[in-house]
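Now for the letters of each chain:
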Amino acid sequence: MFFKKSPWIIHYDATSCNGCDIEVVASLTPMYDLERFGIVNTGNPKHADIFVVTGAVNESSRMVVKNIYDQMPNPKVVVAVGICATSGGVFRECYNVLGGVDKVIPVDVYVPGCAARPESIIDGIITALDILERRLVEFRKAKSEARRQEKKLRRYHLND
Amino acid sequence: MSQRNVIPFGPQHPVLPEPIHLDLVTEDETVIEAIPSIGFVHRGLEKLVEKKDYQDFVYVAERICGICSFMHGMTYCQAVEEIMEIAVPERALYLRTVWAELSRIHSHLMWLGLAADAFGFESLFMNCWRLREGILDIIEATTGGRVIFGSCKIGGVRRDIDDETMKGIVEKLGTIGAEIGRTTDVFLNDYSVQHRLKGIGVLSGEEAHALGTVGPVLRASGVAMDARKIDYAAYRNLKFEPVVEKAGDCHARCRVRVREIFQSVDLIGQAARKMPGGEIFVKVTGAPNGEFFSRVEQPRGEVIYYVKANGTKNLQRFRVRTPTFANLPAMVKMLEGASIADVPNIILTIDPCISCVER
Chain A
47 MFFKKSPWII
57 HYDATSCNGC
67 DIEVVASLTP
77 MYDLERFGIV
87 NTGNPKHADI
97 FVVTGAVNES
107 SRMVVKNIYD
117 QMPNPKVVVA
127 VGICATSGGV
137 FRECYNVLGG
147 VDKVIPVDVY
157 VPGCAARPES
167 IIDGIITALD
177 ILERRLVEFR
187 KAKSEARRQE
197 KKLRRYHLND
Chain B
4 MSQRNVIPFG
14 PQHPVLPEPI
24 HLDLVTEDET
34 VIEAIPSIGF
44 VHRGLEKLVE
54 KKDYQDFVYV
64 AERICGICSF
74 MHGMTYCQAV
84 EEIMEIAVPE
94 RALYLRTVWA
104 ELSRIHSHLM
114 WLGLAADAFG
124 FESLFMNCWR
134 LREGILDIIE
144 ATTGGRVIFG
154 SCKIGGVRRD
164 IDDETMKGIV
174 EKLGTIGAEI
184 GRTTDVFLND
194 YSVQHRLKGI
204 GVLSGEEAHA
214 LGTVGPVLRA
224 SGVAMDARKI
234 DYAAYRNLKF
244 EPVVEKAGDC
254 HARCRVRVRE
264 IFQSVDLIGQ
274 AARKMPGGEI
284 FVKVTGAPNG
294 EFFSRVEQPR
304 GEVIYYVKAN
314 GTKNLQRFRV
324 RTPTFANLPA
334 MVKMLEGASI
344 ADVPNIILTI
354 DPCISCVER
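Residue numbers (my numbering), protein chains in the order written: chain A, 47 to 206; chain B, 4 to 362.
Don't read these hints as lab results, they were simulated from the structure.
Keep in mind it's a predicted model, so treat the numbers as computed, not measured.
Among the clues, some could well be false.
[Unchecked claim] Using C-beta positions, here's what the derived DEER-type ranges look like:
#1 B:17 to A:188: 29 to 35 Å
#2 A:113 to B:35: 25 to 31 Å
#3 B:140 to A:187: 44 to 50 Å
Where is the CB? At the ideal position from N, CA and C, for every residue including glycine.
Given only the sequences and the hints, what does the whole structure look like? Please build it.
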């Protein structure tokens, strides 16, 4: 019901230069305090609702990003923090950079900036909360629909 | 005979802000061997010099690492200036010193926080990061950026700090310094912190030297080596002694960094007093031709840049040896024989910066 009041985030550095990473952590610490929205940083993908990725993806980090995304339970949202996660940024022409995170997993919110400021990261995550809430409603609807179908099928089998 | 197990550590791990993978071969609770594998953050930006103009490449050099970004830009600029024989104005050198020391303070505070998080002292972590914001405010007021400044350019610096502001910065550092002192007392004197860090991951002076460690890791083992003593920027006019500790364990490395914070505050005060007036940059024309090794002391240790140019707008070769790369063999050595519960502490005390290592 109040899912958006306590979402947990997981952070992964795809190939970021650290600039956005420390800003993500800075937005969780007392000065900016993302935790006042009930948002907690977790290390376990199975506990997380919001996936914060920084940096472009390369060949090695592609599978890790995909793995973490797949391990997260539904509903989930992805926030790409920084210009590298959005498009590759200044490293776009590097031989080992594939491009933005959206090459690997679907991204919901893009946060611009190099390095992204804590204010814009917080704004991005608050935007993600609304998407998360919407997705939760859809998820529940789909689940109840599936249950209804299953019940119908069972009745059909019984009559058979 | 106990059974051997392999425990994978990373690339995604709660104590690691950055991805590094370690295979820990364990027997019961003891680590027998640690096998690192890196490459999760490799971008290949050394190759990018062939595509970018040598003056524009300062931006890319600053983005090798977001924590010591100013120092990366400064090292690159020093190398190119040396090749082109540019006489950088004295004031620009002093300004570079001030920003370099500010980023050292913010990096060490950040590290103290992360170390506190690694041994499970959450409120200390939050407090260190709160104090760090004060330093970031100064940086933002003088350069416009919080972590990536973009204020260094070939031939000088982009922005000036006027004398009034400089005085204000020194004053503010005094008040923040007193607050930092109260927090770092916990690291130095608290029983539970000492219990977690003392005698863990001991590295003797000979071992540290033989393994080629740099920076606080080497200085914590009793070897006084500081690249700032080789006189780049304005350090030749400033008085300081490298911070040295004898014990070589995790707590010694912690003490070195704590003392370096206050050393940096002192250096900024000295630089503010001695700062001369004048221009802050010289105009640079033409293209570099030649090669140079540039060395700078970063928060994590000494960084070495190799720059080779052939008289065109694009450099021919660019190579970086970062401090964390030099410290990785020592980390693997320290992990052998450590308890599995101490692994995060040992990894964090070398202050790993993986995006520097892999570039």
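Against the structure, the hints:
1. B:17 to A:188: 29 to 35 Å: Distance hint for residue 17 of chain B, residue 188 of chain A holds at roughly 32 Å.
2. A:113 to B:35: 25 to 31 Å: holds, 27 Å
3. B:140 to A:187: 44 to 50 Å: holds, 47 Å
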